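With the sequences and hints as input, model every part of the structure.
Each residue of the sequence shown is one higher than the last, beginning at 1 in our numbering.
What the hints contain is simulated information worked out from the structure, not anything from laboratory work.
A quick note: this is a predicted structure, and the numbers were derived from the prediction, not measured.
Glycine residues also receive a C-beta, built at the ideal position from the N, C-alpha and C atoms.
Mixed in with the good hints, there may be bad ones.
Stated by the list, open to error - Listed below are the simulated SDA-like cross-link pairs for lysine to any residue, each with C-alpha atoms no more than 20 Å apart in a straight line:
no., residue 1, residue 2
1, Lys90, Thr5
2, Lys220, Ser206
3, Lys139, Ser206
4, Lys90, Arg120
5, Lys139, Arg176
6, Lys139, Asn27
7, Lys90, Arg122
8, Lys90, Met72
9, Lys139, Ala126
10, Lys220, His239
11, Lys90, Val119
12, Lys220, Ile283
13, Lys139, Leu116
14, Lys139, Arg122
15, Lys139, Ala207
16, Lys90, Leu144
17, Lys139, Ser213
18, Lys90, Asp7
19, Lys139, Arg129
20, Lys90, His143
21, Lys139, Leu121
Said to hold, decoys possible - If you anchor each label on the Cβ, the simulated ranges turn out as follows:
no., residue 1, residue 2, range
22, Gln69, Asp284, 37 to 45 Å
23, Glu227, Leu299, 20 to 28 Å
24, Asp240, Tyr30, 24 to 32 Å
25, Gly80, Arg279, 38 to 46 Å
26, Leu144, Ser3, 25 to 33 Å
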Amino acid sequence: MLSRTADHLFWMSRYTERAENTARLLNVHYETSLLPQSAAVSEHGWTGILSISELLPAYTARHGEVTPQGVMNFMVLDEGNPASIMACLKAARENARAVRGTLTTEVWETLNQTWLEIVRLRRAGAFERDAGEFFEWVKFRSHLSRGVTLGTMLQDEAFHFLRLGTFLERADNTARLLDVKFHAVESDFFGTASERDIEYDFYHWSAILRSVSAFEVYRKVYRDVIEPERVAELLMLRHDMPRSLHHCMGEVVGNLRLVGADPVGETMRHAGRLRADLRFGHIDEILATGLHAFLTQFLDRVNALGGHISRDFLVSAD
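Structural data, given as structure tokens:
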């Protein structure tokens, strides 16, 4: 396969996944912001939304003060922000258009229709009217895109590059969500014994689990009250949880093998070590040495892995 084609497929799936994860992140924070909390805690949370995508400097340069409405518009509708939902869906569609002949008609039409529909929704003011419904629509279109890809595409190299992009992006976003949200609970609410704060903890962690469609999964696996340590374990170390770091890295390694990565090359070595650390890791050890340090290092390593994949497969020789 031409490296240029692989590049478009890889980034098409990454942008689609990024749009969904941004919608999930904004939706969970929108819901938790409705809980009783001080103005300082609320502002810290919205600042965290920008920090999670490393966009705080870009936002403040353009908009100044951090406000809930300002952050929402910046992260959803602002095409000048390359990480906004609008920009991601546009980029996914443009990458798909560049490799139209590699995709099935159903995959292309799904991505194209998503872009046309979000333009129509923007003109109609759907986001301003009901943000929650808009976020659900973004998630649905991402699910539809993945389902059509699985159901109609030949499982060849093109398919595996799509999957590679999806799971690398998902691992990155899950790690960012965990890192920022665990920092957020260092507020006065966390670790105290009052009934109000315990109730806040429940809604905080419930919202985080719902943001990655893991609330029912948590209940099924642990059958107990929601505890931060178990939330971290579920979203990091459970191989059977579709959005966990372990599951994502397992998929990355598997798809690297299927696109012919050198079994003893640097790319496979980096991917394999990342998966091994999650496969054999224990949540108590990770928490003892520092969750933030672990996740920060994980994000650096995922970014380095993306660089290796790009050099091996995606950069054209010309």
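Are any of the numbered hints broken by this structure? If so, which, sorted upward? The structure conflicts with no hint, since it agrees with every one listed earlier.
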